[in-house]
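Could you build the full structure based on these sequences and the hints that come with them?
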Amino acid sequence: MALETRRLGRTGSDVTILGYGAMELRGQPRGPAIRDEDAGRILGAVLDAGINLIDTSIDYGRSEELIGRYLSGRRDEYFLASKCGCPLSPLPGDPVPAPHDYRPHNVRAGVEQSLRRLRTDRLDLVQVHMSPTQAQLEADDTVGTLEELRDEGKVRFIGMSGTLPNLPDHLAMGVFDVFQIPYSLVQRDHEDLITQAAEQGAGTLVRGGAARGAPAEDKGWQRGPIGVEEGVARARWEQAGADELVDGMSRMELVIRFTLSHPGLSSAIVGTASPEHLAQNLAIAEKGPLPADLYTLAKERFAGPEHHGESREERRRAT
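My numbering puts the sequence shown at residues 14 to 332.
It should be emphasised that the hints constitute simulated quantities derived from the structure, not laboratory data.
Predicted, not measured: the structure shown is a model, and the values here were computed from it.
Note that the Cβ used here is the ideal one computed from N, Cα and C, for glycine as well.
Do not take every clue at face value.
Calculated pairs, EDC-like style, for lysine to aspartate or glutamate (alpha carbon to alpha carbon, straight line, at most 20 Å) [what the hints assert, rightly or not]:
#1 K312 to D205
#2 K312 to E257
#3 K167 to E125
#4 K300 to E251
#5 K312 to E266
#6 K167 to D205
#7 K312 to D260
#8 K300 to D61
Taking CB as the label site, the calculated pair distances span [claimed, not checked]:
#9 A305 to R116: 41 to 51 Å
#10 E151 to D306: 39 to 49 Å
#11 R43 to R135: 35 to 45 Å
#12 G63 to G25: 15 to 25 Å
#13 P112 to P304: 42 to 52 Å
#14 E212 to A305: 16 to 26 Å
#15 E125 to M186: 16 to 26 Å
Put into structure tokens, the structure is as follows:
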């Protein structure tokens, strides 16, 4: 059964509702240990399964290099998204997340580096990372630099990986073709902003729709902010009595299909380094959105003053 595709807003590209997030290919110390050949196998399996959207970042360690090494020969099979503003050569002792620089020299150098690492002549989408303020973007001429790179053919579309409190300003700027936004069953504070982005004609990529969506026992390889986030997710899950909604599904099926049910969503980015998890995610995505009555009930169970959104500090640490 083929994955459903949806239009990525005004880009005109059709993308699969399940995209692949390459963050887990970054390796240790911030991710699971993975051999190069295993990374190559999972990347090949992604395309073989029909997924046609891959999201990566300079911030994701060796991710770009591995994609370039193993998938450059299949470049026309996928829509390639990366990010900018990232430090080009972070050091082991740097804070996490490391300070980002949205000035022209760093944005341009980052795009050029990504092109080399990914072994491609164009990036389909470059997203401004870490949701800087509109004032910062304007002071640094970030958008103008990306537009120059677009005019040079190195970038096709410009996006924002955005969060509250700055995302409404990003939407109002009217310059971004795609927004990448966190959203899940237990993190619904950006729900209306996804709708707003779609209504403006932008593509919408959702991150965190699985990893932040339900308690999981298999993420013990990572500590710190993600551990805090899992604790928050578990508490919200239990308070909502969410296991009563599962009804024969796995928890992961419930949360992924909830994410896919958002009518404004173009694609949900889910990452894994495990072929088994990839196969499970594909099987879930092929079932599509939840039945309408279950979707409504799940939203009611997880409703709250801020749709159970994260605090600003939680969000900063988890980005």
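Tested hints:
1. For the given pair, K312 sits about 13 Å from D205 by alpha-carbon distance, which is consistent with the 20 Å threshold.
2. For the suggested pair K312 and E257, the alpha carbons sit about 14 Å apart, so the restraint of at most 20 Å is met.
3. Our distance criterion of 20 Å between C-alpha atoms is met by K167 and E125, whose separation comes to about 8 Å.
4. Of the supplied pair hints, the one linking K300 and E251 is violated, its CA atoms being roughly 25 Å apart against a limit of 20 Å.
5. About 16 Å separates the Cα atoms of K312 and E266, which keeps this hinted pair within 20 Å; it holds.
6. This hinted pair does not check out: K167 and D205 have alpha carbons roughly 32 Å apart, beyond 20 Å.
7. For the hint pairing K312 with D260, the CA-to-CA distance comes to about 16 Å; that is within 20 Å, so the pair holds.
8. Between the alpha carbons of K300 and D61 the distance comes to roughly 19 Å, so the proposed pair stays at or under 20 Å and holds.
9. As the Cβ distance of A305 to R116 is approximately 47 Å, the hint placing it in 41 to 51 Å holds.
10. Against the hinted window of 39 to 49 Å, the Cβ-Cβ separation of E151 and D306 comes to about 46 Å, which satisfies the hint.
11. R43 and R135 have their C-beta atoms about 28 Å apart, which leaves the hinted 35 to 45 Å range violated.
12. The beta-carbon spacing between G63 and G25, approximately 20 Å, falls within the hinted interval of 15 to 25 Å.
13. At roughly 45 Å, the beta-carbon separation of P112 and P304 lies within the given 42 to 52 Å, and the hint holds.
14. At roughly 20 Å, the beta-carbon separation of E212 and A305 lies within the given 16 to 26 Å, and the hint holds.
15. A hinted range of 16 to 26 Å for the beta carbons of E125 and M186 is consistent with their spacing of about 25 Å.
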